[in-house]
Amino acid sequence: MEKTSVNHFFSDRVITFDQTFSDRNTALKSVADQLLKAGAVVPTFEKAIIAREQTYPTGLQLNDGIGVAIPHTDADQVIHDQIGFVSLKTPVEFRQMASATDVVSVNYLFVLALKTAHQQLDMLQKLMGLFADDTKMIAFRKITTADDFIHFMTEQGVL
Amino acid sequence: MTQKLLVICGTGVATSTVVMGKLKTWLDNQGLTKDVTLYQSKVAEEVNHIDDYDIVVSTTLVPDSIKEKVIDGVPLLTGINADKVYDKIKQDIETGKEKK
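Chain order of the listed sequences is A and B. Everything in the first sequence is counted per UniProt numbering, starting at 1 for the first residue and increasing by one. Everything in the second sequence is counted per UniProt numbering, starting at 1 for the first residue and increasing by one.
Keep in mind that the hints were calculated from the coordinates and are not lab data. Since the structure is predicted, the reported quantities are computational estimates derived from the model, not experimental observations. C-beta atoms are modelled at their ideal positions from N, C-alpha and C, and glycine is treated no differently. It is possible that part of the hints are untrue.
Covered by chain B, per the in silico footprint, the following chain A stretches (three or more residues, Cβ under 8 Å) [said to hold, decoys possible]:
(1) 49-56
(2) 66-80
(3) 88-101
(4) 118-129
Taking lysine-lysine pairs in the DSBU-like style, the calculated list, with each CA pair at most 35 Å apart, reads [stated by the list, open to error]:
(5) B:K69 <-> B:K34
(6) B:K42 <-> A:K47
(7) A:K115 <-> B:K69
(8) B:K97 <-> B:K34
(9) A:K29 <-> A:K115
(10) B:K69 <-> B:K90
(11) A:K115 <-> B:K24
(12) B:K67 <-> A:K47
(13) A:K29 <-> B:K67
(14) A:K29 <-> B:K42
(15) A:K115 <-> B:K84
(16) A:K115 <-> B:K67
(17) A:K37 <-> A:K115
(18) A:K126 <-> B:K24
(19) A:K115 <-> A:K47
(20) B:K42 <-> A:K37
(21) A:K126 <-> B:K88
(22) B:K90 <-> A:K136
(23) B:K88 <-> B:K34
(24) B:K69 <-> A:K126
(25) A:K89 <-> A:K47
Please model the entire structure based on the sequences and the hints provided.
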């Protein structure tokens with residue numbers, strides 16, 4: 001039997017590169033649409049994630065001028081665990097997590113559709129560990145295909 | 001008596017889960033596990049119960065009414081500039097120990 005590795009957080013392959021969006025909400029809408037088509041979320045996920053980001057921003061300023069955002073919302077908007085990824089050609093402004101005023105120019109968007117987040121501690125910790133590791137982030141930034149992305153994330157233990 | 005440390009985020013699931021994990025490991029390394037009981041919740045549920053806790057760490061924006069009591073936990077999430085936050089929590093634990 002052929003060996004196949006399936007990384008379940010990226011199994012729907014909602015992974016896009018070099019995208020351009022006019023603003024934060026347009027970017028979120030695009031990822032929400034794809035997650036909906038993949039059957040990972042319910043139709044109200046889009047509205048929920050946009051509203052949640054407005055109230056509880058998730059932008060994170062990393063080293064080397066890189067910005068990421070990890071939008072997420074309540075588990076009842078989610079059908080199965082999945083992460084939608086977008087790399088942005090032109091950074092989009094998100095507000096900094098836990099800040100009323102600071103903004104982050106976001107290069108990479110990880111939309112977390114989590115059904116049982118308490119059990120995803122390991123994945124979440126490894127994802128944050130990646131964000132904090134400047135050397136790994138240099139390698140990460142060179143990725144341009146979904147296959148390479150999944151391979152890289154699997155190597156990092158984000159699965 | 002142990003001190004109550006609350007971790008809050010917007011949903012009470014994702015970022016607070018990561019911070020909870022980091023704090024558990026850190027408390028263990030510091031030999032403080034016995035001194036602290038960890039709680040996890042979402043900000044909306046805790047605004048009116050904030051005084052039930054000795055130390056509050058948040059990864060989300062909190063209302064002005066509780067702002068003074070809350071430690072910004074975002075550095076614990078990313079690991080970037082986390083040391084200062086750990087120092088502050090340790091200081092609060094030590095201060096709390098003396099009081100009780």
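We went through each hint and held it up to the structure:
Against chain B, the region 49-56 of chain A contributes 3 residues with a C-beta closer than 8 Å to a partner C-beta. That satisfies the three-residue criterion, and the hint holds. Under the rule that three or more residues need a Cβ within less than 8 Å of chain B, the assignment of the region 66-80 of chain A holds, with 5 such residues. Figure legend: the region 88-101 of chain A, annotated as covered by chain B; annotation consistent (5 residues with Cβ-Cβ distances under 8 Å, at least 3 required). Coverage of the region 118-129 of chain A by chain B holds [criterion: at least 3 residues with CB-CB distance below 8 Å; count 7].
Between K69 (chain B) and K34 (chain B) the CA atoms are separated by roughly 23 Å; this keeps the pair inside 35 Å, and the hint holds. Of the pairs offered as hints, the one joining K42 (chain B) and K47 (chain A) holds, with about 20 Å between alpha carbons and a cut-off of 35 Å not exceeded. A threshold of 35 Å between alpha carbons decides the hint, and for K115 (chain A) with K69 (chain B) the separation of about 31 Å falls inside it, so the pair holds. With a C-alpha separation of about 12 Å, the suggested pair K97 (chain B) and K34 (chain B) falls inside the 35 Å cut-off, and the hint holds.
In summary, the hint linking K29 (chain A) to K115 (chain A) is supported, as the alpha carbons are separated by about 20 Å, within the 35 Å threshold. Among the hinted pairs, K69 (chain B) with K90 (chain B) is consistent with the structure: their alpha-carbon atoms are about 15 Å apart, no more than 35 Å. With a C-alpha separation of about 23 Å, the suggested pairing of K115 (chain A) with K24 (chain B) holds against the 35 Å cut-off. The suggested pairing of K67 (chain B) with K47 (chain A) holds, with an alpha-carbon distance near 28 Å, which does not exceed 35 Å.
At roughly 32 Å between alpha-carbon atoms, K29 (chain A) and K67 (chain B) fall within 35 Å of each other, so this suggested pair holds. Among the hinted pairs, K29 (chain A) with K42 (chain B) is consistent with the structure: their alpha-carbon atoms are about 25 Å apart, no more than 35 Å. The straight-line distance between the Cα atoms of K115 (chain A) and K84 (chain B) is roughly 33 Å, inside the 35 Å bound, and the hint therefore holds. Note on K115 (chain A) and K67 (chain B): the hinted pairing holds, with a Cα-Cα distance of about 30 Å set against a maximum of 35 Å.
As the CA atoms of K37 (chain A) and K115 (chain A) are separated by approximately 17 Å, the hinted pair is consistent with the 35 Å bound. Between the alpha carbons of K126 (chain A) and K24 (chain B) the distance comes to roughly 16 Å, so the proposed pair stays at or under 35 Å and holds. The straight-line distance between the Cα atoms of K115 (chain A) and K47 (chain A) is roughly 17 Å, inside the 35 Å bound, and the hint therefore holds. Only pairs whose Cα atoms come within 35 Å are accepted, and K42 (chain B) paired with K37 (chain A) is accepted, the gap being roughly 29 Å.
Distance hint between K126 (chain A) and K88 (chain B) is fulfilled; the C-alpha atoms sit about 25 Å from each other, no more than 35 Å. For the hint linking K90 (chain B) to K136 (chain A), the alpha-carbon distance of about 30 Å falls within 35 Å, and the restraint holds. For the given pair, K88 (chain B) sits about 18 Å from K34 (chain B) by alpha-carbon distance, which is consistent with the 35 Å threshold. Under the criterion of a C-alpha separation no larger than 35 Å, the hint pairing K69 (chain B) with K126 (chain A) is consistent with the structure, at around 29 Å.
For the proposed pair K89 (chain A) and K47 (chain A), the alpha carbon gap of about 24 Å is at most 35 Å, so the pair holds.
In the structure shown, no violation is registered for any of the earlier numbered hints.
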